Amino acid sequence: MSTHATGGGRLDAVRKRLQAPKLPRPRRDRGVLREEEVVPWSVGDRIGVAAAWFCGLLLCAIAAAIVLYMLVRGLQYLSVGALFEHPVILSTTQSTGTAGGYLDPIEGTLILTALGTLIALPIGVGTAVWLSEYGRPAGLARAVESGVEIVAGTPTIVLAIFGLLVFTQGAFGFLSFTAEGGAVFGRSFFIAGIMMSLIAIPLIVGATRESLQSIPAHVREASYALGKDKISTIRRVLLPAARKGIATGTTLGMGRIAGDTAIVVILLGATPLEPQGDVPILRVLQGTGSTLTSYVYNNSPAGEGNAPQKAYAAAFVLLIIVILMNFFVDLISRQRSDPWAR
Amino acid sequence: MSNRFGLQKAGPRNRSDRRAELLLGALACVVLALIAGMIIFVFEKAWPSFSHNGFDWFSPFAGGNVDDELVHIFESPSNPAQYVYEMHAWPLIYATILITATAVIISTVFAVLSAMFIVEFAPEGIRRLLEPVVRLLAAVPSVIYGLIGILVVVKFFGDHLITQSARDSVAGVAALNGFSWGVGALILTVMITPIMIAIVVDALRAVPIGWREGSVSLGVNRWRAMWTVSVRAARPAIVAAAVLATARALGEAIMLSMVTGSVGFKPQPIDGLIFFVEPARPLAATIVDNAEGLSVVPFAQTLYAYAAVLLVSAAFLSFGGWYIRRRLRAYTLSPI
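Protein sequences appear in the order of chains F and S.
One rule links them: number in this note's numbering = place in the first sequence (from 1) + 211.
One rule links them: number in this note's numbering = place in the second sequence (from 1) + 1.
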């Protein structure tokens, strides 16, 4: 009996909900019905829309504030000459001065970004192609997939001290330099670049896979029908078609590499460029250095330098680099992508 | 492995193709081995710290001052038998959870509303402005956020918002100078919101237009159609975005080490408003702050223990997110 009663109550509720809403009678004197006249906006709805507007505008305000503030500070403290000067080593001068330039950190950022991208690109694209075109055995593919996802979620500081753990082993001595007594230093562009590539790999894998999967099946079939085997189809048809996705992922990865600090502080030493050994290019890559991010960090009040002017100027340069990369991503994604789109 | 096209994995094969498959598979396995190696190496290195402390490592009731413990570990004798390992890391874990949870909760609300604004309510001009703005905010390096935080926000809090009486009330316990977990959470919110917005916007756009049109034609207004149909259908993507944002927030080291005051203090909610400006220090920031000590063996092992905790949380997050997404997907057709 009681179950029947509650069932009836629920039925009533459903019936009530199904009843047509009471619409206000349309006014004849206006030609067009306004939306508000048809459906009443409750107070909650209005608050919701207002909140959405507020959030959107606040976002614009925050971005404008950051960019304008950095612009003002950057122009205030940045001189063109300083871009091409070596920094003054902190311990030897008064750290409050504005002496010294940012040549070493800028070079460091460029070298590290290039190195990290060069390592990440083949591994990322290869993994993505395997995942999307082969992916057998399925269990292994799933494991690789979740592995990549875990890397994407791993804090860079953890990657950094893991790198230190691995590359101070004697076997990797050739990547940095070995002090007398066999202790491996474990800090160099090579090592930082390898760990940095781990940041970029998930982004490259994700973007490449997505664009490979969006290539219609008939494109593959057409290539097979022309007698191409699978690998040449991948090389000649699929990869060129996925170029845009690969480029987007790579540029995003470059941005992340250029913006990371933790790995640089721990695996690059955050020193001025200090080449090791005497082979021309290798000596730079085996040596330690700094990037704009570590330079900003060390010169902020949190680091040992405490020279906010330098930090602002370097951060401004960094922000410009990041904005340029952003712009390239935009440019790439605006290109007509899908040659098979109707 | 969703495979939208049946023929994708088939195709003509010959010997060179088989070789290519093996090569690419090996490449993927290298990535996998690296991750497995990372987890094993970090845990192996971290084990002494966990095994010496047992459950006290994580326990909220273990007491003790983290910073003092770190100093003791750093100064432990060089004889391996006399290494000091005592570490009750709860204040650091608490700070990590507090900052991450605050930032993620605020930014989830904020990101969903902003995404709805971008997709539905924004006039064309503002929408076109907002999309690059979101991408830009997501791309700004954390050290720049940290710099602005330490030189502007922290200064503002310290000079204008914290009164002398507030300072006196906790004198001797914690220094209120603007460096605080509240500032950290605030800036973290700004950092992770754009990441979430990008994902939620994509998902809201992917909701079939017919669903919303259907609800609008039943006499529902734009807000309700958005809120009850689109946002609901996009729930798996919102979860995915929140998971990604949580991972970023957990691992944020540099910015938080710059603005949270770097004191192993446990902010006390009973302090009222002062609670929000009390200093703290999360796990990741502790590793950065103490990186010079990595050459001292027991100290390094303690830092690797922090790293292991972060690593496990990241792995759990990605599996938990995958599980929740799968559960939610039963109710929607969302492609994510």
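Think of the hints as simulated: they come from the structure by calculation, not from any bench.
Given the structure is predicted, the values throughout are model-derived calculations rather than measurements.
Please note: incorrect hints may appear among the correct ones.
What the hints assert, rightly or not - Computed from the model, here is a short list of chain F residues facing chain S with C-beta under 8 Å:
| # | residue |
| --- | --- |
| 1 | G259 |
| 2 | I330 |
| 3 | V355 |
| 4 | I361 |
| 5 | P366 |
| 6 | A382 |
| 7 | L386 |
| 8 | I442 |
| 9 | L450 |
| 10 | A473 |
| 11 | I477 |
| 12 | Q487 |
| 13 | T504 |
| 14 | S511 |
| 15 | A522 |
| 16 | L535 |
For glycine and all other residues, C-beta sits at the position ideal for the given N, C-alpha and C.
Now the hints, each set against the structure:
{"no.": "1", "hint": "G259", "in the structure": "5 Å, holds"}
{"no.": "2", "hint": "I330", "in the structure": "12 Å, violated"}
{"no.": "3", "hint": "V355", "in the structure": "5 Å, holds"}
{"no.": "4", "hint": "I361", "in the structure": "5 Å, holds"}
{"no.": "5", "hint": "P366", "in the structure": "2 Å, holds"}
{"no.": "6", "hint": "A382", "in the structure": "13 Å, violated"}
{"no.": "7", "hint": "L386", "in the structure": "15 Å, violated"}
{"no.": "8", "hint": "I442", "in the structure": "4 Å, holds"}
{"no.": "9", "hint": "L450", "in the structure": "12 Å, violated"}
{"no.": "10", "hint": "A473", "in the structure": "5 Å, holds"}
{"no.": "11", "hint": "I477", "in the structure": "5 Å, holds"}
{"no.": "12", "hint": "Q487", "in the structure": "19 Å, violated"}
{"no.": "13", "hint": "T504", "in the structure": "5 Å, holds"}
{"no.": "14", "hint": "S511", "in the structure": "5 Å, holds"}
{"no.": "15", "hint": "A522", "in the structure": "6 Å, holds"}
{"no.": "16", "hint": "L535", "in the structure": "11 Å, violated"}
Hint compliance for this structure: hints 2, 6, 7, 9, 12 and 16 are broken, all remaining hints hold.
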